[in-house]
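2 protein chains.
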Amino acid sequence: MGRSTKSAADVKLGEIRVRGFLGAATRAGFKYRDRDDLAIIFSEKPARAAGVFTLNKVKAAPVLWCHEIITRNTPVRAIIINSGVANACTGTRGYLDVATTTNHVAGAFKIKKSQVLVASTGVIGEFLDTALIEKALPELKKKLSPNSWHDVASAIMTTDTFPKIDYARVNINSKQINILGLAKGAGMIAPNMATMLAFVITDVAIHQNILQELTRAGAAQSFNRITVDGDTSTNDTLIVLANGAAGNKAIASVDSDDCERFREALNGVLFNLSQMIVKDGEGATKHVEIRVIGAVSDREAEKIAFTVANSPLVKTAIHGEDANWGRIIAAVGRSDATIDPSGISIYFDDVWVVNEGMSRGKKEEKAAEEVLKRNHFVITVDLGLGTSHASVFTCDLSPEYVKINAEYRS
Amino acid sequence: MGRSTKSAADVKLGEIRVRGFLGAATRAGFKYRDRDDLAIIFSEKPARAAGVFTLNKVKAAPVLWCHEIITRNTPVRAIIINSGVANACTGTRGYLDVATTTNHVAGAFKIKKSQVLVASTGVIGEFLDTALIEKALPELKKKLSPNSWHDVASAIMTTDTFPKIDYARVNINSKQINILGLAKGAGMIAPNMATMLAFVITDVAIHQNILQELTRAGAAQSFNRITVDGDTSTNDTLIVLANGAAGNKAIASVDSDDCERFREALNGVLFNLSQMIVKDGEGATKHVEIRVIGAVSDREAEKIAFTVANSPLVKTAIHGEDANWGRIIAAVGRSDATIDPSGISIYFDDVWVVNEGMSRGKKEEKAAEEVLKRNHFVITVDLGLGTSHASVFTCDLSPEYVKINAEYRS
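Going down the list, the protein sequences come from chains U and R. For any residue, its number in the numbering used here is found by taking its place in the first sequence, counting from 1, and adding 612. For any residue, its number in the numbering used here is found by taking its place in the second sequence, counting from 1, and adding 612.
There are no misleading hints in this set.
When chains are identical, the list treats them as one kind, so a pair holds in a single copy or across two.
Straight-line distance between alpha carbons at most 16 Å, and here's what the computed EDC-like set of lysine to aspartate or glutamate pairs gives:
no., residue 1, residue 2
1, 669, 948
2, 1015, 933
3, 975, 738
4, 974, 738
5, 669, 968
6, 985, 1019
7, 978, 738
8, 669, 952
9, 722, 656
10, 753, 656
11, 985, 962
12, 753, 763
13, 861, 872
14, 624, 763
In short, the hints are calculated from the structure, not lab data.
Please work from the sequences and hints to get the whole structure.
This is the structure:
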């Protein structure tokens, strides 16, 4: 099945529109003094909302709020997003601050409080100053525009080094469907900045239960397959809004061709955003796919891939451009998945280095060192047991990562 | 129960003797050119042997050999140890090289092949040159001495910065029992140097099944409670030899007072060795106890303590002397143990920083920063759920760690 979608590369950022969606960003003054730190995504019509949220048992107040709204399956008109303060570990006052925020936004934009989603990213344990939001709302409303997405993506950044935007376009019943994604990272790695946030807006008409299912499945193959340091944050949020403004016949079944086309385009956006987060991992210089094949189940393949991808010894070896397969095979061995050490093969891109759990020789190891010099490569571990497989995407561990995270609050 | 034991601090290293045990170290030339890299621990009489080994499914050849010998419960006369080459991921040839090594040692020392244990630490995936061992054995035999333990502990080092030795003495039936422990680390963190090795020799008379049970239980509370980077190696080994030369009535029951006294002394040695490994963690500047209390079970407490102790964000914050409790509570939340975020308290030594999952204030956070400046401190997480608890010992994550592990083979 060929990709019929247009991607971000084909369309100039300033030309991207998603019918019925407006955005704006401004400076509220939470923590960052010289940049925007408050943004809104606004839908002219009520939009279907789907979402997936952090599995951390310590959940930030805005995550609890969004989860409740989306579970109720009521339409959404706006997402208000701030950077600098995570509003996590803030107790009852944290929930009240979310309620106050939704009140202010509802008042300013003449919508219902229950139509306002809230997302926060920043320091854990500090309270959100809702007066700053109230004060900034008139400016935010004035700046609302259909092509402000670069500003929105920039305002939600914390330690990110670049704004993360992706776009896809697909035709359904001769209607052009636009899908725009915005994200901030840098994954679970951001220092005491807790968080990954991602927002997707689309003008497709679709039933909410279908949208939720596509969101869940799409996240499983994108945001849930990346790791920078294995530290799941308290605020991780992915929200997808669909307002139906494209005018297609609403997608009502996951098995339809229409749904398949939309799914493919949506998954592309989710995947691309997730890869941007890995590439922007703090201190990262390498973008690496850990591919485990020949496993007895996909679940076991994923477990092994994550153990390798999170190993500090593997990640420092990657940073040092050292094709240190011993550390990889040791990580495979300590995952509690089913393996047979004497059946393992390891490849760096197309260089086959390990066979039957042993080195194939110095020549192959030399060739693998050349692969490690690349900015992007694939490490394939073939367990030789079955036909299941999984890929996880990660980056290297550099002294810069430690420096950033050790010195952040000093 | 007061400690009746003498520790290493009370006795000069050169005066330490364990009756009937001799040791020696020499330069075989595996990898390190300017230092000893081969050592032997030799018992004049057959000794009972107990051991615990890596749970990594990829096990080095010497680990498989030792496990087999100890499971058979046959007496042991010698442990031959090399540093520089791990003899892991070496397939059938790896096993043959172990067999060849035991043959050489048996021949040189006039003992049985099955009485020779073998331990290796070093690079994974390279073959052990047994000819170097054969060549070095006459020198090793010539140097055998009852007070060569500093030399032995030094010869088994890889990236360790100091030799790790501990000693305890206890009286049982008016007989003085000596317990000497030797270890190398630096935990699971040693770069492509796979490994932790620890050896304990004692002249106590004890039944093998009791010795094995004490060894297993002692390791669970010492070596299995430390983490530097969570990377379990392929070669981790703890072997305890007891030759009965002290002449006490053999310990035959775990419930006896005699056993209790020996257990206490042995556990002290195991614990002290394990702490030396954490203190010598690569690039480590802090030695930190993560104590989880108020848990619903010891197992859950341990799980949470390990999640906190292995979190790169927590470890970098410790390095930066930042009392960043948000990262600690986020790590607690992502462990899959039972918790209630609003019931969590956190202390840095005696400074109470978090109550009911929220900051107690800026003053307390300031006081906690002072605690972080210490070289050793305790982080206590009180879950407020039950009466179970566990401690795990870890170190900080420094840029130096990354540098050592990235540049090791270059």
